[in-house]
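Here the structure of chain A is known, so what remains is to put chains B, C and D in place on it, guided by the hints.
There are 4 protein chains.
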Amino acid sequence: MAEYKIGSDQIGANNDKHAKALYADYAALGEHLARRNIDIEKLVEKVSAYGVAVPSWGVGTGGTRFARFPGAGEPRDIFDKLDDCGVIHQLTGATPNVSLHIPWDKADPKALLEKADTLGLGFDAMNSNTFSDAEGQKHSYKFGSLSHASAATRAQAVEHNIECIEIGKAIGSKALTVWIGDGSNFPGQTNFTTQFERYLDAMKDVVKALPADWRIFTEHKMYEPAFYSTVVQDWGTNYMIAQELGPQAYCLVDLGHHAPNVNIEMIVARLIQFKKLGGFHFNDSKYGDDDLDTGSIDPFRLFLVFNELVDAEQRGAEGFDPAHMLDQSHNVTDPIESLMQSAMEVQRAYAQALLVDRGALKSFQEDNDALMAAQTLKKAFRTDVEPILAMARQRKGAAIDPIAAYRAAGYRAKVAAERPAVTGGSGGIV
Amino acid sequence: MAEYKIGSDQIGANNDKHAKALYADYAALGEHLARRNIDIEKLVEKVSAYGVAVPSWGVGTGGTRFARFPGAGEPRDIFDKLDDCGVIHQLTGATPNVSLHIPWDKADPKALLEKADTLGLGFDAMNSNTFSDAEGQKHSYKFGSLSHASAATRAQAVEHNIECIEIGKAIGSKALTVWIGDGSNFPGQTNFTTQFERYLDAMKDVVKALPADWRIFTEHKMYEPAFYSTVVQDWGTNYMIAQELGPQAYCLVDLGHHAPNVNIEMIVARLIQFKKLGGFHFNDSKYGDDDLDTGSIDPFRLFLVFNELVDAEQRGAEGFDPAHMLDQSHNVTDPIESLMQSAMEVQRAYAQALLVDRGALKSFQEDNDALMAAQTLKKAFRTDVEPILAMARQRKGAAIDPIAAYRAAGYRAKVAAERPAVTGGSGGIV
Amino acid sequence: MAEYKIGSDQIGANNDKHAKALYADYAALGEHLARRNIDIEKLVEKVSAYGVAVPSWGVGTGGTRFARFPGAGEPRDIFDKLDDCGVIHQLTGATPNVSLHIPWDKADPKALLEKADTLGLGFDAMNSNTFSDAEGQKHSYKFGSLSHASAATRAQAVEHNIECIEIGKAIGSKALTVWIGDGSNFPGQTNFTTQFERYLDAMKDVVKALPADWRIFTEHKMYEPAFYSTVVQDWGTNYMIAQELGPQAYCLVDLGHHAPNVNIEMIVARLIQFKKLGGFHFNDSKYGDDDLDTGSIDPFRLFLVFNELVDAEQRGAEGFDPAHMLDQSHNVTDPIESLMQSAMEVQRAYAQALLVDRGALKSFQEDNDALMAAQTLKKAFRTDVEPILAMARQRKGAAIDPIAAYRAAGYRAKVAAERPAVTGGSGGIV
Amino acid sequence: MAEYKIGSDQIGANNDKHAKALYADYAALGEHLARRNIDIEKLVEKVSAYGVAVPSWGVGTGGTRFARFPGAGEPRDIFDKLDDCGVIHQLTGATPNVSLHIPWDKADPKALLEKADTLGLGFDAMNSNTFSDAEGQKHSYKFGSLSHASAATRAQAVEHNIECIEIGKAIGSKALTVWIGDGSNFPGQTNFTTQFERYLDAMKDVVKALPADWRIFTEHKMYEPAFYSTVVQDWGTNYMIAQELGPQAYCLVDLGHHAPNVNIEMIVARLIQFKKLGGFHFNDSKYGDDDLDTGSIDPFRLFLVFNELVDAEQRGAEGFDPAHMLDQSHNVTDPIESLMQSAMEVQRAYAQALLVDRGALKSFQEDNDALMAAQTLKKAFRTDVEPILAMARQRKGAAIDPIAAYRAAGYRAKVAAERPAVTGGSGGIV
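Protein chains in written order, with my numbering: chain A, 7 to 436; chain B, 7 to 436; chain C, 7 to 436; chain D, 7 to 436.
Since the hints were made in silico from the structure, they are not lab data. Watch out, some of these pointers could steer you wrong.
No copy labels: a pair is met if it fits in one copy or bridges any two.
[As the list claims (entries may be wrong)] Result set (DSSO-like, lysine-lysine): computed pairs, CA atoms no more than 30 angstroms apart in a straight line: (1) Lys368 to Lys144; (2) Lys52 to Lys112; (3) Lys281 to Lys214; (4) Lys214 to Lys144; (5) Lys148 to Lys368.
Bound-form chain A, shown alone:
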């Protein structure tokens, strides 16, 4: 039985305040959906069964190259982080798994498993880090890692990824996510082709170490930290990689890693169609890889991504089994609150996508009735599914209003007292 950090009585008390309104809203929505021939109970079930992983690093306050402004009670290590992740899951019931980042989260696997177990958590994909230098590291990644000009540096990066797999095996993970910052800041700094060949060769060595029941996810990103070229710059290159690396290799889509104006939901569809969609890093963005809270800037875009996922699910697309994870930087909010809200936004988009009348949609598409096809999506999107999400939470003992319950429980103040303040952030690297 999970030893949650917040008393279930506290949650219960908070839920009592919202229960009456929830029942009324739920009943009304149920009747409305019944008129649309949709069974609200089935939606609650589906939403209830849905989970999105949280990243261990997400519970710390993020920053930019200009500054990092720490928050109160920041986690000191992976065990503090797991406590915070446990709160998120306890209150939302939506985030059963945590994704670790090595070397940041390195610890005794047994201790990790025990800690996670007490919190009712499991472990999602492992994440390697060759975009910064760890203390005492022999070869620097300043000029690249898996694609570095020097064989020794590449070997070190391969070794690190294999180490991530080993740790993951010990804690029950089934996937490795590889994102690298390799690229260049000047035209001419690297030879695109040579650099990519090196990357592919190194990754093939990583794949060799992959257990048979694991998947490997490669993640593309247009730019940053490299500002002229990036080795895995877009989904086209990512798809080439997944093909080269074989049947265990898949593409990971981070919603903020694309060129301006790109139609992301279409990329998702293409990867599903060619059986290479590995999963998602959910977040939102206005300008670049802003790592803003999921659904905070363009909730309709998030819905359109889920529209593709539900479409694939319902037509039984072959090999379709994407991993879902949040990946955000929380610079001005309490990270626990942002992750709770974001998990709910992901659920919201999923619930809305489930509401789409797919029979009608297909028929409008076949008839080139663009307006009614579009309205079919919009009708689903504008339905306020909050009562469905809240009911799913309430029924599993989570909070009807997780933010309110979290604040009422005083968790942040409590850990702030226990965890010493982290000093500043960077600066000087304008």
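Showing chains B, C and D alone in chain A's frame:
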């Protein structure tokens, strides 16, 4: 009494089908809003009083430089266009005014007024056209109009704008909208400063002809038809223009005329603050000036724009009185349907913005509670206000479901029989 | 022997004026390059042997959806167009082949061959057109062509492409370029997956009709004419297509068809590495598919593309044999002048790329000497290779200064007298 | 007499190696330019008199939010930084002034003046920092500084800016540059209007403290560190600020702070025309505020900016006196090398812009001869002015090839021995 094109009995019959569900949804929403201390009836009133103008040219099928694919029953002249606009207003109750484009809509003012009167329509801002050459025009606008190197060409463009004012005066318009395509396709083709000086001088001549109770709106656009530089390229230049032209001059914001990623709602706020917001051309875009249907791509962005408008309205911002107009290109839909739906999307964003709890919002802002401030907006946005819009329509005799009522009435087939098919579009201008 | 439209004596007279300065500049550059261990004569040879194809449609004045402003003496048919193309090649010696567009250029193949022969021209890739409706066409492409929901429309589009191959066979072409406008303007209008499946199936039927010694080029474009989604939207999808269609299928890169900020030279490198680069449509852009003159906006980007091409050529990349073509819209210039200048800009970028000290570059890259690697490219780029290009022209009897020679010859005035003025362009499709 | 860090004999020895080639190239270019009626000597004079300021923070290695990879011999304090800046100026003769950042460069003003004096350096604009928290600072800038909701925080930020002025007065600076990171990460987090009012009020307090012979530069930036909205987001808002703050206030243009695709040279022209151009932060960018080396990504764009500056200079634009400064982040190069190369790139663009035949250009513009107008700019741009720059350096005792001379002198190794290694950078703020 308006002589509408669709029988009120037809609308009534269609409404009968939807009335029961509407009443149920409306009652449920009313109760829900009451719990949020919002009076649904006041919202219906506000929405009911709201109108957005339609552009006369919007009822024809649009196209691209590659092709135009005509639709059935396209309007042959301004009187056909007014008939179509009448239908839009009849069914939505949301578009009381039509905006004319000269020379396309040139006609006897008296006949225009009479026709509009029978349809229950009025006239919004006049639009001049110096971005294409009219038949028989003396000087070509190939290399510019109001900013052309030749004084004679500039004078001709000024004259045309004055003519638009004259026509407008005769039909009760109170504003002139000036959008020009002037710019350049090559670095060096024009001198930016000289060209802008010419533009300002020419516009000052137009302003001289402006009646005292008129306003003049200048509209900026980043690019197209000019592809290297555009004279009125952004809101910064537009603001300079409005300052130079004096108190009757205001900036018009078209939602699709900005650089990628630009925060449009912030531009709106700035123009309100400096008393130079003239109004809007509503539409939506994914890549550029796509002229897609309002709210079809990023409905949250539209809401955020209305959030600024309602904020200004409620705090009584000085000189705040923006004009609202749709401006879209309907390439793959029945233009009447797209304009009806778009007018409703504008109303929807307005209704959602009215739901924002501004007291709470302000308080969260003062406390730097970014998450709850954001959720205050999201809560308003995700409320399904459809029953409010539908009730506003129903009460004024418009259609609960305008698209369904329109299709049931067979209007398109009827005019297709009366109006000969328009042949093709361009091509060859790749 | 070619029957050129401009007297060789006229060219000779013009060259006489520029010869002395050219010899001086050439000698100085030769000495300078010798100090860099580069033999200027070898560069002249390489540049002299280089050719870029011109598009038949490029010799007409282009336009935008707002207007087209015709020029004087616009070609009336493909034979006039070939005359204009002949002038371009005569004066620059750089454009030996013409690329035809069907149905615009449909004519008796024998007559085409004879005409081209008299002008010293050959035929490049064939271009099909299913983005606009030809007169009398049975099924409209309003809602798509090769990916249309209706099998009959798809079959018609396939048939048209096969016809293009047939015509091409008769005139000595060896490639078909397929660009379609298929996509959607609304989320939901089409099912991405179904639409792409239809496209692939249709293209497979086209490929079946491809002669064994032909190649087929598919061209991607982010948007326009479709403004929400496009079937062949980026190089990732284009690469999937080339893989699906087999060994005769290659990707065509148009420099203006990418998302903002995209690193195009890197895409070129990837396609070369995976043996799927088919060729180029050269032009330049600032905002989108602006179709501006090659090298007019960002000449360094053009150089960086050629840097990849020369790199591939010199290391003997397997299967490397891209087609080179201009594809531009000339809205404000004499199309003949723009095409001449653009052909020279392509040659310039090629010559500059040939100047790169690849041994030094590789060494700097291996040493992570980013600054010197970058300077190695910049040094090549900033070398003024104009004397090399001019000498290559002069030696083959073309013009030292093609624009001056063309204007002196009075060709435009002459054809303007012969060819009746084309009336206006579109308008009304805002 | 300046006590430079590198022996003049070392520079002399290096120059001897390059002198012969330089004289040959210079003579050839002189003859070529004479044929274009341009006196090369006058160009050398102009270039020789031109200087661009370097930022004190630029001599340290930069980083991203993901990591910072330190270089060898990084400066420990402002005195080390001044030594490095002295080397840059000694070798290029192009960077006579240094711009300080407070609090990073806080030191005894007298000591600063003396140190600068021994290095032949002066001080450019002062830069305040309210985008990160200094140690011991009372109020955090996490949620803003000059526009913060709390009056106390705003007052602290005002105070800091006044302190910068005070320091500047003591060391002979004549300008204050204010860039803030204030903005928001969520729609709703701040009220745009209130926030901007607060900013304006605070800045008015700063301006009150400005000496009569000083200027104040405000710098706009689209995004980062704020990712939804930024208070001074674009030149439109920046222009409003300069108007509100009065005659000493001007707009500063950083080349990397704009939306994608924006025509920056046009913004420069507008600000000159309305007498509000304060100056530049030069750098280059491909994706955003990449802070790459000036001229490394799009050298033609840099030339087009200088084309506006030379145009304004030559027509004697009223009040035209912009400040020129580099502002870059050197993540993968030796910062001294990058700053030297960048200073030379700025000079190069200036020299190229001086070559433009402005009489011919104007004439082509008046005639709407777009092609020849464009070619007039391109002809100037493609002239290799390296011999002019090198001769200007050689004549003032700087290095013909500064990078080579710098490397030969072994400066970096020397300071690396003196200055202890700086440990790592950030990380963990993904």
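Discussion item. I'd like to know which numbered hints this structure contradicts. Please list them from smallest to largest.
Written reply: 2
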